[in-house]
Amino acid sequence: MASQPNNIEGQNKNSNSRVIARLMFVVVGMFGFGFALVPLYDVFCDVTGINGKTGDQVTLAEDLQVDTSRVVEVEFIASLNDSMPWEFKPMVHSVKVHPGESTRIAYVAVNKTDRAIVGHAVPSVAPGRAAGYFQKTECFCFTEQKLEPGEEKEMPVIFVVDPELPDDVSQLALSYTFFIKPSGASKDTASLADNSNQEI
Amino acid sequence: MSAVIEEHHEHHDHKPSGIGRWLFSTNHKDIGTMYLWFSFIMFFVGGAMALVIRAELFQPGLQLVEPEFFNQMTTLHGLIMVFGVIMPGFVGLANWMVPMMIGAPDMALPRMNNWSFWLLPGAFGMLLASLVMSLMGMGSAPNFGWTFYAPLSTTYGPASTDYFIFSVHLMGISSIMGAINIIATIMNMRAPGMTYMKMPIFVWTWFITAYLLIAVMPVLAGVVTMMLMDRNFGTSFFNAAGGGDPVLFQHVFWFFGHPEVYIMILPAFGVVSQIVPTFARKKIFGYSSMVYATASIAFLSFIVWAHHMFTTGMPVAGELFFMYATMLIAIPTGVKVFNWVSTMWRGSMTFETPMLFAIAFIFLFTIGGFTGLMMCIAPADFQYHDTYFIVAHFHYVLATGAAFSIMAAVYFWIPKWTGNMYDEKLGKLHFWVTAISANVLFFPMHFVGLAGMPRRIPDYSLQFAEFNAMATVGAFVFGLSQLIFLYNVIKTIRGGVKATDRVWDGADGLEWTLPSPAPFHSFTTPPTLK
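Taken in order, these protein sequences are the chains called X and V.
Converting from the first sequence to my numbering requires adding 21 to each position, the first position being numbered 1.
Converting from the second sequence to my numbering requires adding 3 to each position, the first position being numbered 1.
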């Protein structure tokens, strides 16, 4: 601060300026905090493993000990976003696997419209606390899927249930929801979608 | 300004005149008056919307309005009551009373104070303009509930949503500037000898409320900016197809939203803490615990937001955390209720209108708090959520809570503001009709909510009919009785029995050392504390 003013008003102005500056800093900081919550929630879900996010990244196939004493049933669910006109279903409804054992299943998607559509599938595993133990080594959800008009495609998933899966979990559900891929966006970025004003 | 000029000023007590007096005011009393009139007018506007809602809900079936319009009524009713009535009402009380209570000549930043006020008619003009357009058949006003969840408000919102967003930005800027002003005033302009722990409780509650505002209004600004970006700039904050998440909206909104409801109640606690000791003729019981309890409530309010989201599919660990944290808030709140009752214990009590409203507040707010405790039990909330049980809860804490405290404050302080006593008979009449009709209006909502009536619906199953009819009758009596209040306020401004400086027998504090009406400029030289 400049030299201390020698009257109450001047001193008040100084202390007011200090208070205002500090409070404005908090205001700007909290505004940024609101936006920071977007990546912060991702970090929180990663660290705690909740929210059912299995990640859309490939897990490397390791040699895991297969636990033949235990059987886990994995069910497969297929959903479509409201604006996605494909047909989409799993080829099997469920499989029984041993933890540690690599398994391949497939979904089927059909584009019955007359235009090519690029889709992107978002996976989710229930219960949420089991999501961290469900490793996908290959999955159609890692990349965009383009279907020409009338095209039908088989979409494989290769997964391993980690033997560290908590003992009280004996059933898992793997669910995919197919969305029309927003044009102009790359798979990894969460921004620049062009479908924000769709008609109902 | 030198001391000579200040004294000169005091003798003249010169006020500006004409429309400029109000448009360009830098006077905390005039600005307080404008906030209070704005709040009162908005109370009738939002109240009229409530009556449209209640009229439609009087009987099962759709009789009066289209569902699309009904949704606009529920949305605007909520927005107006929260942002246009309760918040400006308390800011008006703060503007009038805080400088006088701490012996300050005005707020720290009088010109910013002016702008804080005048942003509000602009913001609400914009919001209500969308309703006018809607009534003229040109599109829809906001219709997604006052909590404006995405994607209903983003992907599926009407064109007026962008004006709604701008409106919220303006209200937020107004609140943030007001809060900065309050903090600077309280920190820097207390009279010599007024330490923090000697400030009136109303000043303390506003001090803490101002910090809450600074912390969370920017988060609201953030969430509406994200909405704006999703709607207009191609982002996907809340759009799963682009990698975003609608639940993110709820998290960011309620991170603001929960502290917001404490912003709306802490000043009410302050008002009650001024009124009860006055009419019990006894100092507030447990002054420091009142301060600490208020601070604890404010702090805890930051860590409970997801209790509004128990049904979104949160993991059990999350539900438990937010349940326990929410239960904790009951403790400091209970301390405050206990202290008000203890203040009355063995006091010399009289029951003028402000005291009637204050006592009704204590009782009815506590009922609202109890239903809040019920809802905080996460598994039980699965039944209560999005039903009329919730509607009953928040109307008890906001209508028979916050709004009653504003009415109490007006009766309490209007003799100081105008120099005239209000009409006590009319005041008591207003109180009794209001208090009884409010309970006829809101209590049945508990029952229909528990029985399964959802909220935000224009029509309902037949088994809810009788209680809805009851509530509607209560609503119309409640709404009409506010005209008694309006009449009394105008009558008091125009004349009445002259008020003394002290006004109330048990009144204590710097504000009661000033003449009634308080001079246009007061405490231009700081008072000495006794």
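These are calculated hints, taken from the structure and not from any lab test.
Treat the hints with care, as some may be off.
Computed cross-link-like contacts, BS3-like style, restricted to lysine-lysine with a CA-CA straight-line distance of at most 30 Å [as the list claims (entries may be wrong)]: (1) X:K34 to V:K428; (2) X:K34 to V:K201; (3) X:K34 to V:K285.
Pairwise CB distance ranges (calculated) [as the list claims (entries may be wrong)]: (4) X:A147 to V:G455: 25 to 35 Å; (5) V:I380 to X:D188: 41 to 51 Å; (6) X:A127 to V:G316: 24 to 34 Å; (7) X:T164 to V:Y295: 50 to 60 Å; (8) V:A320 to X:E159: 24 to 34 Å; (9) V:G455 to X:A42: 24 to 34 Å.
Backbone N, C-alpha and C define an ideal beta-carbon position, used for all residues, glycine too.
Violated hints, by number in ascending order, as checked against the structure: Violated hints (numbers, rising): 1, 3, 5 and 9; every other hint is consistent with the structure.
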